[in-house]
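Asks: These are the residues of each chain, in order.
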Amino acid sequence: MKNKAIALAVASILSTSTVYAAEPTTQELMDMLTKQQSQIEALQKQLGKTDEKVKETDQKVESSVTAIEESLSTKSASNTTIGGYGELHYNNIEDSESIDFHRFVLFFGHEFTDSIRFFSELEVEHSLAGDGKPGEVELEQAYIEMDLSDDTRMKAGLFLIPVGIMNETHEPPTFYGVERNPVEKNIIPATWWEAGAGFNTQLSDGLSADFAIHSGLSVPTDGSKSFLIRSGRQKVAKANADSLAYTARVKYTAVPGLELAASYQVQSDVTQGALGADANLITAHAVYNSGNFGLRALYAAWDIDGVEAEVIGRDSQEGFYIEPSYKINENFGLFARYNAWDNNAGDSADTEKKQTNIGINYWPHENVVFKLDIENRTGAQDGSGFNLGVGYQF
Amino acid sequence: MTVCIFALLPFGLIAKSYLSQDSFVSLTSQSLENPVWKTKTLWLDKSIQAELKNILSHPYPKLRLRYKISTNQPIESTIWFLDEIGKERPISFAISIKENQIQLIRVLEFRESRGYEIHMHAFTEQFNQVSVSGAGRLNQSIDGITGATMSVNAMKKIARVALFLHTIALSK
Numbered sequence: 001m002k003n004k005a006i007a008l009a010v011a012s013i014l015s016t017s018t019v020y021a022a023e024p025t026t027q028e029l030m031d032m033l034t035k036q037q038s039q040i041e042a043l044q045k046q047l048g049k050t051d052e053k054v055k056e057t058d059q060k061v062e063s064s065v066t067a068i069e070e071s072l073s074t075k076s077a078s079n080t081t082i083g084g085y086g087e088l089h090y091n092n093i094e095d096s097e098s099i100d101f102h103r104f105v106l107f108f109g110h111e112f113t114d115s116i117r118f119f120s121e122l123e124v125e126h127s128l129a130g131d132g133k134p135g136e137v138e139l140e141q142a143y144i145e146m147d148l149s150d151d152t153r154m155k156a157g158l159f160l161i162p163v164g165i166m167n168e169t170h171e172p173p174t175f176y177g178v179e180r181n182p183v184e185k186n187i188i189p190a191t192w193w194e195a196g197a198g199f200n201t202q203l204s205d206g207l208s209a210d211f212a213i214h215s216g217l218s219v220p221t222d223g224s225k226s227f228l229i230r231s232g233r234q235k236v237a238k239a240n241a242d243s244l245a246y247t248a249r250v251k252y253t254a255v256p257g258l259e260l261a262a263s264y265q266v267q268s269d270v271t272q273g274a275l276g277a278d279a280n281l282i283t284a285h286a287v288y289n290s291g292n293f294g295l296r297a298l299y300a301a302w303d304i305d306g307v308e309a310e311v312i313g314r315d316s317q318e319g320f321y322i323e324p325s326y327k328i329n330e331n332f333g334l335f336a337r338y339n340a341w342d343n344n345a346g347d348s349a350d351t352e353k354k355q356t357n358i359g360i361n362y363w364p365h366e367n368v369v370f371k372l373d374i375e376n377r378t379g380a381q382d383g384s385g386f387n388l389g390v391g392y393q394f
Numbered sequence: 395m396t397v398c399i400f401a402l403l404p405f406g407l408i409a410k411s412y413l414s415q416d417s418f419v420s421l422t423s424q425s426l427e428n429p430v431w432k433t434k435t436l437w438l439d440k441s442i443q444a445e446l447k448n449i450l451s452h453p454y455p456k457l458r459l460r461y462k463i464s465t466n467q468p469i470e471s472t473i474w475f476l477d478e479i480g481k482e483r484p485i486s487f488a489i490s491i492k493e494n495q496i497q498l499i500r501v502l503e504f505r506e507s508r509g510y511e512i513h514m515h516a517f518t519e520q521f522n523q524v525s526v527s528g529a530g531r532l533n534q535s536i537d538g539i540t541g542a543t544m545s546v547n548a549m550k551k552i553a554r555v556a557l558f559l560h561t562i563a564l565s566k
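Residue numbers (our numbering), protein chains in the order written: chain R, 1 to 394; chain F, 395 to 566.
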């Protein structure tokens, strides 16, 4: 009985305690709410910090990626550029065999500002230069170019003359045939550079004009090469600047695949004061590529004043070529070229030289080319054979 | 779905501007029914970079490309803004693609000394409806510009890049 009374008493106390714990006082509730509020604020603060950190991290990632991309872009597009081209030739004409690293060329360019730039071309011809050696080291271009407006630019220095097809664009992968065509070589005469100032302006979309004032030719006045145009190139090497020359060109390129151009040049004296022989050059050419078919045609003619040139028939020198081609696919192309030129066209004798080349280009890469062509020389020259070549540009 | 990529220029080189990116988007929109553009980012992972290098013959100097997607069209089309160097300086191109075919291609800015003719309508329209063949080449021949082979090649390569990225973007 005594034990039962004690048990009831304990149960009663426990029951009272339970009721007391389930019903907190107002103050206790306030304390709990305040505590919970603090916890919520702390969590919100923490969340805010996390958001900020996420944003901060995003910004860091963005900055890092941008910096890396700028670095990558800088590497790929420096203000200073280097390029070049080269070609190795094997010629076998009438049992005369030769192998020659004909041209090794390096381009260097530099952007000084948005509108002022420098461009140069340095060439080693025939591998070995020096006294008694077959080759030459030549500075073929070195000029400053300035944009005068969106459509007009000016250049000053040593530059390629704006005549013909090959004179300004002669990287091996861009043309058919191991050797450059003999008409532009012997009549224009490519590759031809002079020193002076030139202007290029875009008259409208696909129509442009060039004008240049520059140093002139200085042809020999006696010997077998007398008045030969190609022998008149001074190459801006301590050149006689007694008599200047003026070149103008108009070019039409508004139709894809088509280029029509004509140049006119006045040489105030091709003997640079020795005999007083002014001369005029006219050239006209057409290039048309449509689908797999291509066609190039050029005509060039010199008219040289003076009895001395007339006596030896070199008062008139002219030539033309026509070159149809067919590109089998992106890697292979076939061509045929008929050339005829005469550096003695002013005389009555049959001095015209003719040359036919038929061959193939193989491009394993758009900037690398292997070439083979068969050559047949007729007219005032004889010989037949073949040429092999490899060339590149970058 | 239309995608736009914004490429940064390495330098503030002088350029002849022919069209803005916004104008190109508007031009593309004309052939769609009230497109809504959404911007996304395409990260150029190893496999994408490898294909870009294969097409361009050099690594593409970006880690990612931002693009826009038009999500309210029954047939997804894309627009890309990409730069590529012709010979020495970057040319900015814009290309829109639909059903794996080029709808429009334009030169936005040209900085090279030769080959500005590639911006002309007569030249760019040759790319309309062009896609890639099984060999990964453009399936139509493009008549070039004499003396500007490298600018022409840059445009042909960038067309292939855009067609490739279009496929990748749609597969994401």
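One should not assume that every hint holds.
Here are some chain R residues the structure puts well away from chain F; computed CB gaps all over 10 Å [claimed, not checked]:
no., residue
1, 81
2, 153
3, 228
4, 301
Calculated lysine-lysine pairs in the DSS-like style (CA-CA distance at most 25 Å, straight line) [claimed, not checked]:
no., chain 1, residue 1, chain 2, residue 2
5, F, 432, R, 60
6, R, 327, F, 551
7, F, 551, R, 55
8, R, 60, F, 440
Hints were generated in silico from the structure; no laboratory data involved. Cβ coordinates follow ideal geometry from the N, Cα and C atoms, glycine included.
Asks: What hint numbers does the structure not satisfy?
Replies: 1, 2, 7
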